[in-house]
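Engineer: Chains as they are written, first to last, in our numbering: chain A, 5 to 328; chain B, 4 to 293.
A couple of the hints might just be wrong.
As a list, the in silico DMTMM-like pairs of lysine to aspartate or glutamate whose alpha-carbon atoms are at most 25 Å apart [stated by the list, open to error]: (1) B:K270 / A:D134; (2) B:K270 / B:D193; (3) A:K126 / B:D271; (4) B:K182 / A:E198.
Note that these hints are calculated values from the structure, not bench results.
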Amino acid sequence: MTRHRLATAAVCVALFAVPLAVHDEYYLHLCIVAGIFAIAVLGLDLIVGYVGQLSLAHAAFFAMGAYTSALLFVNFKWSMWLGLPAAAILTGVIAFVLGSVILRTRGHRFIIITVVFAELMKLVATNWVDVTRGFMGLPGLEIPKLYVPGLGAIDIASKAHFYYVVLVVALLAFLLCRLIVRSSIGRKFVLIRENEALAESLGISALRYSMIAFAFGAVLAGAAGSLYAHYVGFVSPDLFNFSYVTIMLIMVILGGKGTLVGPALGAVIFTFLPELLREASHWRMIIFATILIVATLFMPRGIIFPLVEHLLPQRWRTRHASTP
Amino acid sequence: MSPSIAILCQHLLNGVLIGCAYALIAMGLTMIFGVMNIANFAHGEFYMLGGFLAYYLVSLMGLNYFVALPVAVILVVVLAIILQHAIFRRLRDAPMMTTTLVTIGLSIFLEHVALLMWGPQPQSIPTPFPTKPLSFFGVYTTPLYLFCMAVTGALIVVSHILVRRTRMGKAMRATFQNKEASALVGIRIDRIYMYAFAFGAALAAAAGAVLGGFIPVEPTTGSIVTLKAFVVVILGGMGSFVGAIVGGLLLGMAEALGAGYMPTGWKDAIGFFAVILVLLFRPEGLFKRA
Numbered sequence: 005m006t007r008h009r010l011a012t013a014a015v016c017v018a019l020f021a022v023p024l025a026v027h028d029e030y031y032l033h034l035c036i037v038a039g040i041f042a043i044a045v046l047g048l049d050l051i052v053g054y055v056g057q058l059s060l061a062h063a064a065f066f067a068m069g070a071y072t073s074a075l076l077f078v079n080f081k082w083s084m085w086l087g088l089p090a091a092a093i094l095t096g097v098i099a100f101v102l103g104s105v106i107l108r109t110r111g112h113r114f115i116i117i118t119v120v121f122a123e124l125m126k127l128v129a130t131n132w133v134d135v136t137r138g139f140m141g142l143p144g145l146e147i148p149k150l151y152v153p154g155l156g157a158i159d160i161a162s163k164a165h166f167y168y169v170v171l172v173v174a175l176l177a178f179l180l181c182r183l184i185v186r187s188s189i190g191r192k193f194v195l196i197r198e199n200e201a202l203a204e205s206l207g208i209s210a211l212r213y214s215m216i217a218f219a220f221g222a223v224l225a226g227a228a229g230s231l232y233a234h235y236v237g238f239v240s241p242d243l244f245n246f247s248y249v250t251i252m253l254i255m256v257i258l259g260g261k262g263t264l265v266g267p268a269l270g271a272v273i274f275t276f277l278p279e280l281l282r283e284a285s286h287w288r289m290i291i292f293a294t295i296l297i298v299a300t301l302f303m304p305r306g307i308i309f310p311l312v313e314h315l316l317p318q319r320w321r322t323r324h325a326s327t328p
Numbered sequence: 004m005s006p007s008i009a010i011l012c013q014h015l016l017n018g019v020l021i022g023c024a025y026a027l028i029a030m031g032l033t034m035i036f037g038v039m040n041i042a043n044f045a046h047g048e049f050y051m052l053g054g055f056l057a058y059y060l061v062s063l064m065g066l067n068y069f070v071a072l073p074v075a076v077i078l079v080v081v082l083a084i085i086l087q088h089a090i091f092r093r094l095r096d097a098p099m100m101t102t103t104l105v106t107i108g109l110s111i112f113l114e115h116v117a118l119l120m121w122g123p124q125p126q127s128i129p130t131p132f133p134t135k136p137l138s139f140f141g142v143y144t145t146p147l148y149l150f151c152m153a154v155t156g157a158l159i160v161v162s163h164i165l166v167r168r169t170r171m172g173k174a175m176r177a178t179f180q181n182k183e184a185s186a187l188v189g190i191r192i193d194r195i196y197m198y199a200f201a202f203g204a205a206l207a208a209a210a211g212a213v214l215g216g217f218i219p220v221e222p223t224t225g226s227i228v229t230l231k232a233f234v235v236v237i238l239g240g241m242g243s244f245v246g247a248i249v250g251g252l253l254l255g256m257a258e259a260l261g262a263g264y265m266p267t268g269w270k271d272a273i274g275f276f277a278v279i280l281v282l283l284f285r286p287e288g289l290f291k292r293a
C-alpha cells in the first residue's frame, strides 16, 4: 500500500514537473490536448466502462461545452472562469434531460439514439447561423488572467502556464471520478453493468444510476470542451464530427474500460500516437480503425494493464491493476 | 394542374426515389439486425462502395453502364463475404458493445480506404441516358430518374418475395424469431448469417450504384447513409421488413417535402426528430404489431 502511495505521489510530481522539463512548444501543446482529452474521456468511461452503456453522444457534449463557453464569451464577455462552470453545468443539465428520456431504452436503441442526438446537435450548430455563425464558427476566444490574492494578475496564456490549469482540472476530475466509483454509487454502476435484472430486483434503479453516470460524464465533457475552446480560441461545427467520439472510445477501450487510470493514460497515448503517424496522415485513420477492431475483438481489457502485468515482476504488481 | 400542386407533386416524385433507396438500404440493415443481432454501423459503407465501384468501372475502366452496375454489386458482395468470414463470424455471441464498436471501426476503415483510393471529391457515375427532361402535366423527370425508380422498386419487390416466398427466406425469418429452435430443426445458422449479411450488403450496394448516377458519391457518404438507415429501421420497428419499406418511403417523402418547404439545411433533422418521438411514444416502431 505504501508503495502504491509512493508511486501515486511520484506520478503527481512528474505531472507537475512536465513544463520544467519540456520546453518545446509543440510537445507542451500535445500535453495540454492530452489533458483536455483525459478529462472528457474519464466522463465517457463512467457510462461506457462502469455502467456499460455505449454512448456515442459524448463528443457532442464536448462540443456543446465548447460552444457554450464560446457563445458566453462572444456575446457577454464571460471569461473562462465563469464560462467553464457554466458550460459544465449546462451540458450536465442537457444530458440529464436527454438521459431521462433515452436511458429508458437499452441496448441498440440507446446507442443509435445517442448518434442521432449528436448529429442533430451538429445540424443545430451548422444551421442556426444567427447564433453560431454556422460553418464559419466562432473565433477570438481568449485565455483569461488568473487573479491570485497577494500576487495579482498572472498571465496564463503561455502554454507552460495553461498546462497547469488543465492539469488541475484533470486531477480534480480524476479525484471526483475516483470518489464516485469507490463509493456505493460506483458499486451500483458495476452491478448494473454486470447484471441489470439483479440490480433491479435489489431495488437499485438502473435508470437513476445510469443517469448519474451519463450526466456527470457530460459535465466532464462540457468542462473539457470549454477548456479546449479557450485554448484553441475557435469553435466550429467540426467539433461535432464522429471522429472525435471514435478517438475518445479508442482511448477508453484501449486504455482499459472500467478503470480510471487506463482511459486517462489512453488519452495521453492516443494524443501522442497520431502525431507520430503524421507522416502517414492518409493511413492514420485506417490504422486507428484497425486498432479499434482488433482491440475490441481480442483485448477486452485494453492494452495498458495486460502490458504492465506482463512486464512488471510479480511482486510489483499492484492489486488494483487487475481489478477492472 | 395548378402550379403549386405541380410543385408538390414534383417534391413527392423526388421523395419516392430517395424513399426507395432508403427502403433498400434499411431492408438490408434490418435483416442483418434481425438475424445476427448486430447494429451494423458499416452498412452505409456498402452503399458508398457500390457507388464508387460503379463509378470506377464506368468512367475509369470504360465498362458499359448496364454491366458495371451488377459487377459493382457483385464486388461488394464478395467483400461482404470476406468480412463475414474474417470478422462477423467472430461476433456471433459477442456482447452488444463489442459488435457495435467493431462495426464502427469497420465503417471508419472502409471510409478511409475509399478516401485513399478515390480521393475526397464527390463523383457522379456517367450514364448513357439522354439528359433531356420529360414533362408530365408540369411535373418534370428524366429518363435516368425513371430507370433508377424502376430498378429500386423492382429490387424491393424481388427481395420482399425472396423473404416471403422462398425456403431461404423462410429459414431467415425462422432464425429471426428463434435461433436455437431454428438450429434444432436443421437450419444451418452459419449459412443464414452469411446469406443475410451478403444480401443486406448487396441491397445497399445496388442502391449506391443506382443513385450514384445523380447523387454524387463521396467517401463520407457512408456514415450519413448509415444514420438514415437506422432512422428508417427505428421508425419501421427494428427487425421489421415491411416496416423498413414503408419507413423508407415515408422518410424519403418527408425529406423531399422538407427540402421543398423548409429552410435549407434542416431537412436532415426531420428523420432525427421523428426517431426521438417514436422512441418516446412508440418504441416498438410505427408499423410493428406489438
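Engineer: Tell me the hint numbers this structure goes against, listed in increasing order.
Structural biologist: 2
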